[in-house]
Each structure stands twice: as C-alpha cells, then as structure tokens.
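> What follows is the residue order along each chain.
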Amino acid sequence: MAEGWSTMTNVPTHWYNIAVDLPKPLPPPIDPYEGESRIALLNRIMPSELLHQEFTALRYVPIPEEVRDIYARLGRPTPLRRARGLERLIGNGVKIYYKFEGALPGGSHKLNTAVPQVYYAFKDGAKEVATETGAGQWGLAVSIASALIGVKATIFMTKSSFMSKRQRVLFMRTYGATVYPSPSEVTKYGIEALKANPNHPGSLGLAISEAIDYTLQGEGRRYIPGSVLEFVLMHQTVIGQEAIEQIPEEPDLIVGCVGGGSNFAGLTYPFIGARLRGEGFERTRFLAVESKAAPKLTQGRYEYDFPDSGGLLPMIRMLTLGHNYVPPPSHAAGLRYHGAAPSLSLLVREGIVEARAYTQEEALEAGVLFARSEGIVPAPESSHAIRAVIDEARKMPKGSVILFNLSGHGLLDPDAYERVS
Amino acid sequence: MGISRPALGLYLTATYPSVRHFIEVLNGVRGLVDFLEIGIPTGNPKYDGPIIRMTHRSAELKGLEAVKVINDYSKYSKAPVLMGYAADYIDSLNEVASVARSVNAVSVLFPDLLFDYPELIDKYVRVMEDSGLRPSFFISSKTPYKLVKRLSEYNPLFIYLGLYAATGIKLPIYVEQNVTTIRGIVGDTFLVVGFAVNSPDMVKSLIKAGADGVVVGTAFIQRMSNLESALSLLKWLRGGLP
Chain A
18 MAEGWSTMTN VPTHWYNIAV DLPKPLPPPI DPYEGESRIA LLNRIMPSEL LHQEFTALRY
78 VPIPEEVRDI YARLGRPTPL RRARGLERLI GNGVKIYYKF EGALPGGSHK LNTAVPQVYY
138 AFKDGAKEVA TETGAGQWGL AVSIASALIG VKATIFMTKS SFMSKRQRVL FMRTYGATVY
198 PSPSEVTKYG IEALKANPNH PGSLGLAISE AIDYTLQGEG RRYIPGSVLE FVLMHQTVIG
258 QEAIEQIPEE PDLIVGCVGG GSNFAGLTYP FIGARLRGEG FERTRFLAVE SKAAPKLTQG
318 RYEYDFPDSG GLLPMIRMLT LGHNYVPPPS HAAGLRYHGA APSLSLLVRE GIVEARAYTQ
378 EEALEAGVLF ARSEGIVPAP ESSHAIRAVI DEARKMPKGS VILFNLSGHG LLDPDAYERV
438 S
Chain B
298 MGISRPALGL YLTATYPSVR HFIEVLNGVR GLVDFLEIGI PTGNPKYDGP IIRMTHRSAE
358 LKGLEAVKVI NDYSKYSKAP VLMGYAADYI DSLNEVASVA RSVNAVSVLF PDLLFDYPEL
418 IDKYVRVMED SGLRPSFFIS SKTPYKLVKR LSEYNPLFIY LGLYAATGIK LPIYVEQNVT
478 TIRGIVGDTF LVVGFAVNSP DMVKSLIKAG ADGVVVGTAF IQRMSNLESA LSLLKWLRGG
538 LP
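Residue numbers (our numbering), protein chains in the order written: chain A, 18 to 438; chain B, 298 to 539.
It is worth saying that the hints were derived from the structure and are not from the lab.
Some hints could be false.
Unchecked claim - The calculated DSS-like cross-link candidates involving lysine-lysine, where the alpha carbons are at most 30 Å apart (straight line), are:
| id | chain 1 | residue 1 | chain 2 | residue 2 |
| --- | --- | --- | --- | --- |
| 1 | B | K505 | A | K140 |
| 2 | B | K420 | B | K446 |
| 3 | B | K443 | A | K169 |
| 4 | B | K375 | A | K41 |
| 5 | B | K420 | B | K505 |
| 6 | B | K505 | A | K169 |
| 7 | B | K420 | B | K375 |
Claimed, not checked - Partial list, derived from the structure: chain B residues whose beta carbon lies under 7 Å from chain A:
| id | residue |
| --- | --- |
| 8 | K343 |
| 9 | S438 |
| 10 | L468 |
| 11 | W533 |
Said to hold, decoys possible - Calculated from the model, a selection of chain A residues having no Cβ within reach of chain B, i.e. all distances over 10 Å:
| id | residue |
| --- | --- |
| 12 | N27 |
| 13 | A36 |
| 14 | S54 |
| 15 | L68 |
| 16 | R99 |
| 17 | P198 |
| 18 | K205 |
| 19 | L211 |
| 20 | E379 |
| 21 | G392 |
| 22 | E435 |
Cβ atoms here follow ideal geometry from the backbone N, Cα and C, with glycine treated the same way.
Produce the entire structure from the sequences given, and follow the hints as far as they go.
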C-alpha cells in the first residue's frame with residue numbers, strides 16, 4: 018500500500034462536516050450594520066443546496082451519486098505516494114507520504130468542490146456559473162466541471178496571474194470558459210479599482226466581488242466560491258478520508274498549504290475530527306503553511322471581516338489581514354488571500370493547528386528539491402507545504418511519519434521556478 | 298417553572314416602538330402565546346437580522362431600564378424570558394439576573410454567550426441558579442455535538458436553536474433535518490426553535506421534526522403598527538400547533 022498509485026480505496030460516500038466536532042462553536046456569519054443584508058443576498062447568488070450545507074447540523078453529508086460518478090471518472094481516489102527520493106535527500110530515516118491531488122485533470126484539488134458546486138447550480142436551473150480565481154487552478158476546475166455538467170463558466174482571474182499564467186487561461190478557454198482579468202471593465206468593482214490604480218495587480222478578494230456583481234447582473238447565473246466557506250472545505254474532505262484509508266501508519270505530522278484553507282482542511286479535517294472525537298491521531302501534529310505575502314494565520318486578527326474586497330458577502334469571523342489588504346504579486350497566487358476559513362481560524366486559535374509562513378523563495382527552493390527527487394514539479398502553493406515538510410523532517414527522529422498534501426502540480430508554472438533553478 | 302409542550306413563543310424588544318405600544322402589545326397577546334421572550338435593547342445586536350436590529354435602535358428606552366417597564370405591568374400572567382447580549386453585561390451578570398428576578402422573568406438568554414464567551418458558561422449557569430432563575434442557551438445548527446450535550450446536562454429551561462443565520466432571513470436550509478439532528482442530542486430538554494417563522498405549516502413541520510416550542514419575532518414585529526393584524530398572525534400560527 019502507498020508504494021505506488023494506490024487504487025484500493027473507494028470514492029467516499031459522504032463529506033465530513035468538522036463544525037459539529039470543534040472544541041468551540043463556529044460564530045455565525047453576520048451582516049454589517051450598513052447597507053442591504055448580505056445574508057439575504059446569498060439567496061440570489063448561490064446554489065440552494067450549498068447554503069443548506071453551509072448550515073447543516075449533520076456530521077456526514079451524503080455525496081450525490083452523480084457527483085461520486087464524476088469524482089471516479091476524473092480519477093478519485095487520488096494516489097497516496099511515498100516520497101522516497103525526498104526521504105533519501107533528507108537522509109535521517111523520516112518517512113514522508115503525500116496525497117497527490119495534482120493527478121486530477123485540473124492539476125489540483127479544486128475539482129473536489131467544483132464538481133458538486135456546478136452540479137448543484139445546474140440542479141437549481143442555472144445556465145451559467147461565475148467565480149474568481151487566483152493562479153487559475155480553481156478557475157480551471159470550474160471550467161472542467163462546467164464542461165462536464167453542461168453550464169457556461171465565467172471566470173474572473175487576478176490580473177497578475179492572468180498575465181503570468183497564460184497557459185492556464187488558454188486551458189480554461191479550451192474547456193469553453195470566458196476568462197476576464199480582475200480588475201476588469203465588466204463590473205463596477207473592477208472599474209472602480211482600475212480607476213484608483215490602472216496597474217492594480219488584482220486580488221482574490223476583488224475577484225470575488227467582481228464574480229458576485231457579474232452574477233447579479235444577469236438571469237440564470239450562480240456564484241460559486243473556491244475557498245473559505247465551510248461547504249467548500251467540507252467537499253475537500255474526500256482527500257483526508259481517502260488518506261486515512263490509504264496510509265499504512267499513523268502520521269506524526271500532517272502538512273498543507275493555506276490560501277483560504279480548503280486543501281489543508283481537505284486533508285487534515287478527517288484526521289482532526291477523529292482526534293476531537295477521541296478516535297485516534299492523538300500524537301499527530303497539524304501544520305498549516307501560508308505565504309509571507311498573505312500571513313493571516315501568523316499575523317492576522319481574529320475578527321469579523323468580509324471575505325471579499327467589495328463587502329458583498331456576509332461577514333465571517335476569521336483570522337484576517339483586512340478585506341482591503343492587497344498582497345504583493347506572488348507566483349503562489351492561490352495563497353494571496355487576506356483571510357482563512359472560520360473553522361481553520363478557530364483551530365489555529367485553539368492551538369490544534371500550528372501555523373507558519375514562508376517567503377516565495379524559500380518555498381520555490383523546496384519545490385525544486387521535490388521536483389528533482391520525486392519527478393513531479395509541485396504547484397508553487399504546494400511548495401510552501403514541501404518547505405515545511407523538509408524543515409520539520411530534518412528535526413524529527415528516525416521512523417517519524419509525515420503526510421502532506423501535494424495539492425497541485427506545477428506543470429503550468431515553470432516561470433515561477435526559473436530563477437531558483 | 299417550565300413551558301408547556303408544544304408552545305408558541307413571541308419575541309419582542311422591550312419598549313419598541315414606545316413604552317405605551319409595547320405594553321399594549323403585551324396586553325394583546327395574552328392567551329395567544331405560551332411564552333414571551335423580551336429583548337433588552339442594545340447598541341450592538343450583531344447576531345440579529347435587519348428588522349430586530351431596527352427594533353433595538355428604535356426602542357424608547359435602552360438597556361435594563363427598558364425591561365423594568367414590565368415590572369409596572371403586574372397583570373401579565375406569563376413569566377417572560379429576557380434576551381440580552383452578554384457583551385453588554387460581561388461584568389454585571391448579577392445585575393441582569395437581579396433585574397430579571399424583579400420583573401418576574403424565569404431566565405436570561407444570551408445569544409452571544411456560546412460564540413463569544415464560551416469560557417463563561419459555568420459562571421452564567423451559577424449566576425442564574427444563585428438568582429433563582431434557570432439557564433437557557435442559544436445554539437446554531439453548527440454547534441458542536443459535545444457542547445450541545447453538555448448544555449442539556451445543565452437542566453436548562455430550554456435550548457434555543459436558531460434555524461437560519463440571522464433572525465427574519467430565510468435561506469434554503471433543511472431546517473427540519475437540523476431540528477431532528479439536534480433533538481437527537483438534547484434528549485428531553487425543551488427545544489425551542491426560531492428565526493423567520495411565518496406560517497402555521499412551518500410551525501407544524503418544526504414541531505413534527507422535534508421542536509417543543511416555536512418562536513415568532515420578525516413576522517410579528519413587521520405587523521405591529523396594526524395590532525389587530527399582528528394578533529391575527531399569532532392566531533394563524535397557533536393553528537400549526539398540534
């Protein structure tokens with residue numbers, strides 16, 4: 018098991034909702050005191066089933082058979098692999114496993130939630146979905162899911178990535194999606210941002226506002242988010258549920274990178290949930306790795322804030338740098354986000370999840386080491402997790418076990434590695 | 298000191314829109330509701346929806362002064378539950394409990410207690426019990442199971458499940474499924490549900506799903522300028538009780 022491309026595990030039948038096992042309750046979303054109710058707005062923009070899932074009291078939410086079928090067609094369960102080359106490089110007898118979400122057609126974990134979200138939009142009668150994307154992995158996943166399910170996709174991509182990740186833009190268009198650089202000239206939020214700064218690099222928060230505004234402009238559209246909201250994290254728990262089945266030994270450390278928190282949560286929450294229920298993994302540490310370009314876990318404030326720059330969505334309590342924070346351009350665009358999902362923020366606050374931030378250079382250097390020892394070029398975002406894995410492994414005793422989420426491959430990110438390599 | 302099953306409850310913000318009108322409403326609802334939840338006007342009703350927030354802003358009196366007018370209203374037969382924000386009284390829980398006793402209330406519900414001050418749950422319970430009141434707790438559908446179970450072991454007057462994200466705003470949530478799930482955890486504890494309740498069919502389905510009591514607030518307040526219309530709403534909603 019776990020020596021090669023494991024195919025023994027079945028596609029999970031349920032998603033896991035960690036909220037009901039947390040040590041403290043998740044504070045609910047709230048409206049600000051000024052303006053229209055953002056909570057009421059959710060009715061107009063989001064697929065209805067997703068809103069139910071955001072507020073469900075169930076611990077395990079059934080995955081529709083149609084979604085499971087698509088998961089299987091796209092390659093779930095993804096492989097759990099042993100990083101023997103990286104282990105040799107480190108050379109102290111620490112064992113390293115990784116869950117390879119880059120094996121999915123979009124090259125990242127994002128399809129795990131794109132498929133159900135587009136599916137639920139379609140079930141609501143939507144003809145089109147709109148969303149934001151940073152590096153393009155989420156946009157690509159939505160493009161693929163939309164093509165398979167039969168709805169139109171419109172993607173607002175942060176401008177810095179739109180310019181540097183042209184191949185991902187072309188891929189999205191290959192799947193039939195319309196892709197705009199954000200800030201764009203098709204929404205009022207984009208126009209305002211361009212007016213204030215014609216060279217605005219864009220941010221995920223701004224792209225979210227644009228996608229929502231675009232959704233409200235037309236009939237038959239639904240907005241679907243790529244991270245932060247709790248149902249997004251819940252959909253990703255197929256990763257961790259499979260990993261629990263696949264991994265032959267209990268990990269001492271589980272690592273993932275964090276933009277909004279979905280890939281980290283996807284791998285770790287089934288493990289953390291088991292521990293919170295007293296069902297194992299007592300000694301396992303959980304390490305969330307962020308970019309120093311957007312260090313909300315290590316430097317953010319725990320407070321109510323908007324998930325989007327325009328303040329269109331309800332406020333959620335999270336670790337945040339402020340919704341107007343514009344992270345500096347970075348190759349790890351998926352990590353350029355001002356806040357972390359409420360459940361992850363709470364787990365960090367409670368000391369159940371540790372947090373660490375790395376610079377882009379530190380991360381990409383680790384990504385190159387991984388590429389040369391394992392044969393897979395990691396996504397720049399995932400390289401942040403790899404940096405932490407290498408640093409931690411060097412300090413751990415022989416026989417220790419590390420599991421991390423290789424959330425995506427970097428085959429479309431060679432420009433990121435150009436300087437380090 | 299309990300509430301009959303099944304029950305229809307009414308939420309009002311004390312002294313909204315005026316002391317006189319508030320008292321008139323208290324008079325009018327006698328016999329139409331099984332329990333009353335009286336909000337203590339606050340400057341920061343953050344977990345409430347737009348209508349209830351407006352009532353806090355517009356109440357004639359603010360804070361505990363607003364609640365004390367119930368004291369002048371000795372004819373009212375149902376002992377109310379007060380509802381306030383713990384953030385306003387974090388250093389003066391005893392004072393709230395004392396005022397609650399003075400107006401013949403049976404409990405004080407703090408909707409922000411679990412979210413913002415979970416470390417104060419034991420202190421809150423102690424203050425309630427020392428004052429001859431019973432604790433009551435507000436939870437959301439995502440409150441951890443272990444905590445819900447623990448709350449039910451305090452022998453509260455009730456556990457109040459907020460059906461939606463905020464008062465008065467419906468979302469496409471399977472609220473009956475959530476009620477049934479929470480009922481499975483709280484055992485025999487009196488389970489109150491509320492937020493955006495506006496039809497007898499909804500009352501009926503919530504009771505069938507496992508609720509013991511259903512609270513109406515926003516829908517009533519929206520009709521309060523015409524008391525007759527507001528009272529008709531209560532009669533209509535009572536039709537949903539078995």
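> Classify the label on E379 (chain A) as holds or violated, using whether its beta-carbon is more than 10 Å from each beta-carbon of chain B.
holds, 36 Å
> Beyond 10 Å from chain B, beta-carbon-wise, is G392 (chain A)?
holds, 42 Å
> Could you check that no beta carbon of chain B comes within 10 Å of the beta carbon of E435 (chain A)?
holds, 45 Å
> Is it correct that the beta-carbon of R99 (chain A) has no partner in chain B closer than or equal to 10 Å?
holds, 35 Å
> Tell me if the straight-line CA distance from K443 (chain B) to K169 (chain A) falls inside 30 Å.
Violated: K443 (chain B) and K169 (chain A) sit about 43 Å apart, past 30 Å.
> Identify whether the interface hint at K343 (chain B) stands, where standing means a beta carbon of chain A within less than 7 Å of its own.
Holds: closest Cβ of chain A sits about 5 Å from K343 (chain B), inside 7 Å.
> Holds or violated: are the alpha carbons of K505 (chain B) and K169 (chain A) at most 30 Å from each other?
Outside the cut-off at roughly 41 Å; violated.
> For K420 (chain B) and K505 (chain B), compute the direct alpha-carbon distance and say whether it is at most 30 Å.
Given pair K420 (chain B), K505 (chain B) is violated - Cα atoms ~34 Å apart, limit 30 Å.
> Could you grab the alpha-carbon distance between K420 (chain B) and K446 (chain B) and see if it respects the 30 Å cut-off?
Between K420 (chain B) and K446 (chain B) the Cα gap is close to 18 Å, so the pair holds against 30 Å.
> Run the C-beta distances from P198 (chain A) to all of chain B and say if the shortest one exceeds 10 Å.
The claim stands: P198 (chain A) keeps its Cβ more than 10 Å from every Cβ of chain B (closest is about 33 Å).
> Please verify that the nearest CB of chain B lies beyond 10 Å from N27 (chain A)'s CB.
Given a closest Cβ separation of 26 Å, the condition holds.
> Taking the shortest Cβ-to-Cβ distance between A36 (chain A) and chain B, state whether it exceeds 10 Å.
Contrary to the label, A36 (chain A) does not stay out of reach of chain B, its closest Cβ about 4 Å off (not over 10 Å).
Hint violations for this structure: numbers 3, 4, 5, 6, 11, 13, 14, 15, all remaining hints satisfied.
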